[in-house]
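**Student:** If you read the sequences in order, they're chains V and E. Be aware that the first sequence starts at 3, since it is given in the working numbering, and climbs by one per residue. Be aware that the second sequence starts at 7, since it is given in the working numbering, and climbs by one per residue.
Where hints are given, some of them may not hold.
Below, computed lysine-lysine pairings styled on DSS-like, alpha-carbon distance capped at 27 Å [unchecked claim]: (1) V:K223 - E:K104; (2) E:K108 - E:K176; (3) E:K176 - E:K159; (4) V:K223 - V:K162; (5) E:K108 - V:K223; (6) E:K176 - E:K237.
From the derived model, a few chain E residues whose C-beta atoms are all more than 10 Å from chain V [what the hints assert, rightly or not]: (7) L115; (8) K176; (9) D264; (10) M290.
In case anyone wonders, no lab produced these hints; they're calculated from the structure. Beta carbons are placed, not taken as given, at the ideal position from N, Cα and C, and that holds for glycine.
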Amino acid sequence: MRRLVFVSFLQLVGTLFIVSTLVFFILRVLPGDPARAVLGMQANEQSVQRFRQEFGLDRPVVIQYTEWISGLVRFDFGRSFSNRQPVAPVLGQRLGLTLFLAVGGMICALLLALPMGVAAARKPWGRFDTLAMGVSHGLMAFPEFWIGMVGILLFSVQLKLFPLFGTGFGIHLVLPVLALGLNRAPILFRTLRGGLIQESSRSYALFFRGSGVPERRLFWKYLLRNQLPSVSAVAAIQFGYLLGGAIIIEQVFALPGLGRLLMSAILSRDLPVIQAGVILAALAFTLVGFATDIITHASTSQGMTRGKPNG
Amino acid sequence: MARPDPALWCSNVHVRFPDGSHPVRGVSLRVYPGQVFALIGESGAGKTLLCRALYGLQRFIPGMEVMGTIGGAAEKAMIFQDPGQFLNPGLSIEGHFKEFLKLSPRPSLTMEQLLRYVGLPENREFSRKKPRLLSGGQQQRVMIALSLALEPKVLFADEAVTALDGLTRKTVIELLRQLCQDFGLGIIFVTHDLHVADSLADWVGVMYAGRIVELQSAENLFTQPLHPYTKGLFRSHPGPEHRNSPLIELPGRMPPPDHEDGGCPFFDRCPERMAVCKQHLPEMKELSRGVSVSCHRVFQDRGY
Chain V
3 MRRLVFVSFL QLVGTLFIVS TLVFFILRVL PGDPARAVLG MQANEQSVQR
53 FRQEFGLDRP VVIQYTEWIS GLVRFDFGRS FSNRQPVAPV LGQRLGLTLF
103 LAVGGMICAL LLALPMGVAA ARKPWGRFDT LAMGVSHGLM AFPEFWIGMV
153 GILLFSVQLK LFPLFGTGFG IHLVLPVLAL GLNRAPILFR TLRGGLIQES
203 SRSYALFFRG SGVPERRLFW KYLLRNQLPS VSAVAAIQFG YLLGGAIIIE
253 QVFALPGLGR LLMSAILSRD LPVIQAGVIL AALAFTLVGF ATDIITHAST
303 SQGMTRGKPN G
Chain E
7 MARPDPALWC SNVHVRFPDG SHPVRGVSLR VYPGQVFALI GESGAGKTLL
57 CRALYGLQRF IPGMEVMGTI GGAAEKAMIF QDPGQFLNPG LSIEGHFKEF
107 LKLSPRPSLT MEQLLRYVGL PENREFSRKK PRLLSGGQQQ RVMIALSLAL
157 EPKVLFADEA VTALDGLTRK TVIELLRQLC QDFGLGIIFV THDLHVADSL
207 ADWVGVMYAG RIVELQSAEN LFTQPLHPYT KGLFRSHPGP EHRNSPLIEL
257 PGRMPPPDHE DGGCPFFDRC PERMAVCKQH LPEMKELSRG VSVSCHRVFQ
307 DRGY
């Protein structure tokens, strides 16, 4: 386990280094002048030059890169081109809402998918399973922004159950969280259902059943437990998609999260904000992957640490 | 001395599936406490399905329908070929025993006693291992010990030593023999390995196309086989006696499990066939005490 943590940590640092380097150079080779993009095409040459000097854009790219990387080590993402404020605090403020949406969406997806997956797998191709498979087909076909828009029309405009917009962490976040959760639940549902049906047909299940282990006990204690690592691995991957989905959902519901900040930064070529946003996303993906590795290792290879193979 | 009641008996047992296959057809047999009854025959003869039907696994096998009468002790256990597949990969050996010891109404043996009995280490380091860390022989012994935890009167062993190497196979065979003596178990042992059947069984039933075609004591069967199929099976089975003589392959193939009942199912392959064999299915007749066979040629030769 220690080795896994150490290796995963090295992978995390390596991934972040590669991502930060790639994003830095890709943004620098894109056509167009960030100073002109921020100041406008009508800005005079003097103010453009002053802007370049202020943000070090007039220096060689390698020097800019070295300063950027050394700043990263101190969690200094630089200053925003648009408002000249340090990027880190702004990102911190916006990240909270985006994480809330992603985590809320994941909880919502799990709350829907786990009981449905278990109920469907108990009687494959029974009435509930057929219905749940149909619903999951439908939900998979629609993107989260479409589900969000339908949610706004139905629950906010028609039924007036939820406010259209709002600030802070209030009831106005229910619809965006639901939209994200409903979009991700089908994958988790199908993974669990398929895994449980396959697990149920494995030879050990026949041995246990034949020996008299009650079906309910076999299902909850062994079949489900053996499937949890694969479900948690899929959930971790889905969490990455949820972060991406949250960025789009923020646009639909006009929420001031990381996504909207990044969108406006991309449009205005605010390079420090884009760089920091990409690194944050990479960090989130890598951390989730790291957590999944630990969970999978702990639940599947426990025996490996407790002895050498015999025979 | 009166013979004890059979640990397991069945009469006219059939197994059918919805696709029309009928892999077990009218099997009757008796297994007595302390004896090993081996079921031998080619792959696809219906041995495993008969075993599963007698054990009662049809509840868990979709579409499997069992007809006929099955009696004897309710306390049954089963061990399988490839034990690694039949142990829960996510559960330690100790976890398996905790579960199985709960299934016995009055568990009289502990995990340590059971492990010791089957010749495995009783220490915690071993019992905390996951099945995949054990060798094939250890896995099979764990499976036998788990079955003993159920305190059965009948043990079904389906190709239980097939996947094991020679030395481990011998150890497991000796262990099964020991079980019969110590616990008075009746064992139904499915195998297509005639040497294993010879070294372990008291009684042998030869299965062909879903039926038992010959039933004898192991001693008699391996010295004086009666049914042409049994003779062919012995001639085609590799053994030390074939060092200087070639194996004689049984010609043709066994009829599929959905074949129509008509004459003798071995007719096409039989070197001793007669006209009557094509028309009439031979019934199982007891020729003498403990010797039953289903063959028109044998009936004719012996005046039945």
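**Student:** All hints, please: hold or fail.
**Tutor:** Hints, verified against the model:
no., hint, in the structure
1, V:K223 - E:K104, "13 Å, holds"
2, E:K108 - E:K176, "31 Å, violated"
3, E:K176 - E:K159, "23 Å, holds"
4, V:K223 - V:K162, "44 Å, violated"
5, E:K108 - V:K223, "14 Å, holds"
6, E:K176 - E:K237, "25 Å, holds"
7, L115, "15 Å, holds"
8, K176, "15 Å, holds"
9, D264, "23 Å, holds"
10, M290, "28 Å, holds"
When held up to the earlier numbered hints, the structure conflicts with 2 and 4 and fits the remainder.
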